[in-house]
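As they're listed, the protein sequences go chains A and B. Heads up: the first sequence runs through residues 1 to 51, numbered per the working numbering. Heads up: the second sequence runs through residues 1 to 598, numbered per the working numbering.
These are calculated hints, taken from the structure and not from any lab test. Worth double-checking, as some hints may not be accurate.
To give a feel for the contact side, a few chain B residues facing chain A, derived at Cβ under 7 angstroms [stated by the list, open to error]:
no. : residue
1   : Pro66
2   : Lys70
3   : His71
4   : Gly175
5   : Ala337
6   : Val533
So the derived label-pair ranges between C-beta atoms look like this [claimed, not checked]:
no. : chain 1 : residue 1 : chain 2 : residue 2 : range
7   : B       : Gly575    : A       : Pro27     : 33 to 41 angstroms
8   : B       : Ala501    : A       : Ala25     : 13 to 21 angstroms
9   : A       : Ala25     : B       : Leu414    : 43 to 51 angstroms
10  : A       : Pro27     : B       : Pro73     : 15 to 23 angstroms
11  : B       : Pro73     : A       : Ala22     : 32 to 40 angstroms
12  : B       : Ala81     : A       : Ala25     : 17 to 25 angstroms
13  : A       : Ala25     : B       : Gly299    : 13 to 21 angstroms
14  : B       : Arg207    : A       : Arg47     : 29 to 37 angstroms
15  : A       : Pro27     : B       : Glu547    : 18 to 26 angstroms
16  : A       : Pro27     : B       : Thr451    : 40 to 48 angstroms
17  : A       : Ala22     : B       : Ser541    : 43 to 51 angstroms
This structure is a prediction, so every number in the text was calculated from the model and none was measured. Where is the CB? At the ideal position from N, CA and C, for every residue including glycine.
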Amino acid sequence: MMHVRETDSQPMTPLRHTLPVAPMAMPEQVLERRRARPALFSILLKRLAWK
Amino acid sequence: MVSVRRVLSILFCLLMAGLVASLAVGYFSADGIQWIDAIRIVLLAASTAWLAWGAAYAFNGLLTSPISEKHKPFELAPTEARTAVLVPVYNEDPVKTFSHVAAMIGSLHTLGAAGRFDFAILSDTNDDRVAAEEERWFQRLLVESGAQTAIYYRRREKNTGKKAGNIADFIRSSGALYDYMIVLDADSLMEGSTMAEMVRRMDCEPRLGLLQTLPKIVHARSFFGRAMQFSTSYYSPIYTRGLASLQGEAGPFWGHNAIIRTRAFAQSCGLPELSGTPPFGGHILSHDYVEAALLSRNGWIVRVDPDLSGSYEEGPDNVVDFAKRDRRWCQGNLQHARVMVAPGLKPWSRFVFVQNIMAYVASPLWALFIMASIAAPVLKGVPDYFPEPGLFPVFPRVEQGLALTLLVGVFGLLIGPKLLIVLRGALSGVNERFGGTGRALLNTLTEILSTSLLAPIMLMYQCRAVVEVFLGLDGGWPATDREAGSVSLSEAWSASWWISATGLVTLGLAFQFAPEYVGWLLLVAGPQVFSPVLIHLSSWSAIEAGETGLFQTADDRAPSPVVLRQEAILSYWRGAAEPAPANQPVTEPALEPADAEQ
């Protein structure tokens, strides 16, 4: 008995059509300014504590 | 030239605000001017400036649009670029979404450009039943769309960052393969020729980071939806041309139906979570405008080209669904208050964020103006008929003429540009595509009337949205139901009883404390009282009326091939047409009527 196997007869699954792997870096952007006041406050505190 | 236009437009707004303020001073000072009048004048001037800004877009568009435009016939230009067409989905109907994808692939196939584009369906669906349907229909899409175009499907377990996170996830995993990405929505449709032309324009300008098209609404069925469809088809090209003329290289991104240079986007648009909790902190909701600003910050051009036709989307078909979408947009736009101070942004980008905030804050400003006007007679007390020094009594003047001028001026800013667009359409011949000048004018007047009736209702929905955001209530991320049908009277009642109640209370207070304003307030409170009826009636099907010419658009008269193709595929997939033999591509039998139209 002869079996004929078609070359493209595999059932299509999402696995066959998963996204190709080609990574690209996407760095997070700076949107918020650093709060100056708490930083200044903590610096002053540290200096006062040291003295 | 852009700077001159910007300065003139801002001056125009200030002038209009100043004129209205001076008229208001004349009217409100009839019985003496007090602090409450000053508040009213400031609120009215701010609201007028906002209306004038909308009119300035139209005037710029009218002045910069050539009366006779000659479109070059499309030619497929050679390119080495690879483009990914991204279709982010979130619990939408897969049959419908995939019919859009199949139609676009078919359109590219007809053009001979199918091999240049890969389609990626990026699912954030968290409903397992919908996800199972997506996978099932994806198989069918694969089988029926031919082998020339690669189609991918990916579903995220967690929809971190929502749509912006979905796109970023694609870039981080597969972005290096593609020069450009065409970002769509689940309901987007684009002609193959439009996509190919966008690629050509990106190839021609290496600094172009993002090119936005003006999507027109299709498939609207209700009276409300068809009015919006008419607006986007008839007025929007002029308004968008005005927008383009003012924005220069710092243009807009509306989140879909745009092409993006992948490298530029990856370099510039990685969005962080904002510190704090929603609604002002957390993920950025209205990410598109932020991304446009960040591209500009890095020196990339962001542009909208209103001449790019063949770009479509669908819109909500009733007021309730429109208000739901607006709630989401409101939260996103108010969040821009956090982003507008980001370091390094161009001043114009910051100004765009102010406009986005103003788009929602304008409604509470109008509401406050109305409340202040009702409260004014109480707060001002009994007029002093015998001021010292003086021998004769002084009676308050009733300046109805000034009030009428004020009303005409404010409405003129809303209506004037639309009437000028009809006039321009008559001169340019555009009206012929809308059924002639008479039909275009009639539809414009009908649209103005329906907008005037629904605007006070939308004002209340926007006021509620703004208050909710300021109270810290997060609106979440509900999927838009673009195929929702008509709204029953009981549904309309449950969605808007509070608007009726507010309208009645407003009128009651006006009768009691400010009877001279009752006539004016009827324009606002009247539609509010009848909001359930108006919401119900406006959601009725207007397809039959459309066939007689109501809100007729150019696309009604000559539908776009890709729209016809999508309709044919959808009806074929939903079983309305004869089923085709298995494995037969949808580019063949189901599309004969669509192809014949081409």
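Okay, the hints, checked on the actual structure:
no., hint, result
1, Pro66, "violated (39 angstroms)"
2, Lys70, "violated (40 angstroms)"
3, His71, "violated (36 angstroms)"
4, Gly175, "holds (3 angstroms)"
5, Ala337, "violated (12 angstroms)"
6, Val533, "violated (45 angstroms)"
7, B:Gly575 / A:Pro27: 33 to 41 angstroms, "violated (48 angstroms)"
8, B:Ala501 / A:Ala25: 13 to 21 angstroms, "violated (54 angstroms)"
9, A:Ala25 / B:Leu414: 43 to 51 angstroms, "holds (47 angstroms)"
10, A:Pro27 / B:Pro73: 15 to 23 angstroms, "violated (43 angstroms)"
11, B:Pro73 / A:Ala22: 32 to 40 angstroms, "holds (36 angstroms)"
12, B:Ala81 / A:Ala25: 17 to 25 angstroms, "holds (20 angstroms)"
13, A:Ala25 / B:Gly299: 13 to 21 angstroms, "holds (18 angstroms)"
14, B:Arg207 / A:Arg47: 29 to 37 angstroms, "violated (48 angstroms)"
15, A:Pro27 / B:Glu547: 18 to 26 angstroms, "violated (54 angstroms)"
16, A:Pro27 / B:Thr451: 40 to 48 angstroms, "holds (44 angstroms)"
17, A:Ala22 / B:Ser541: 43 to 51 angstroms, "holds (47 angstroms)"
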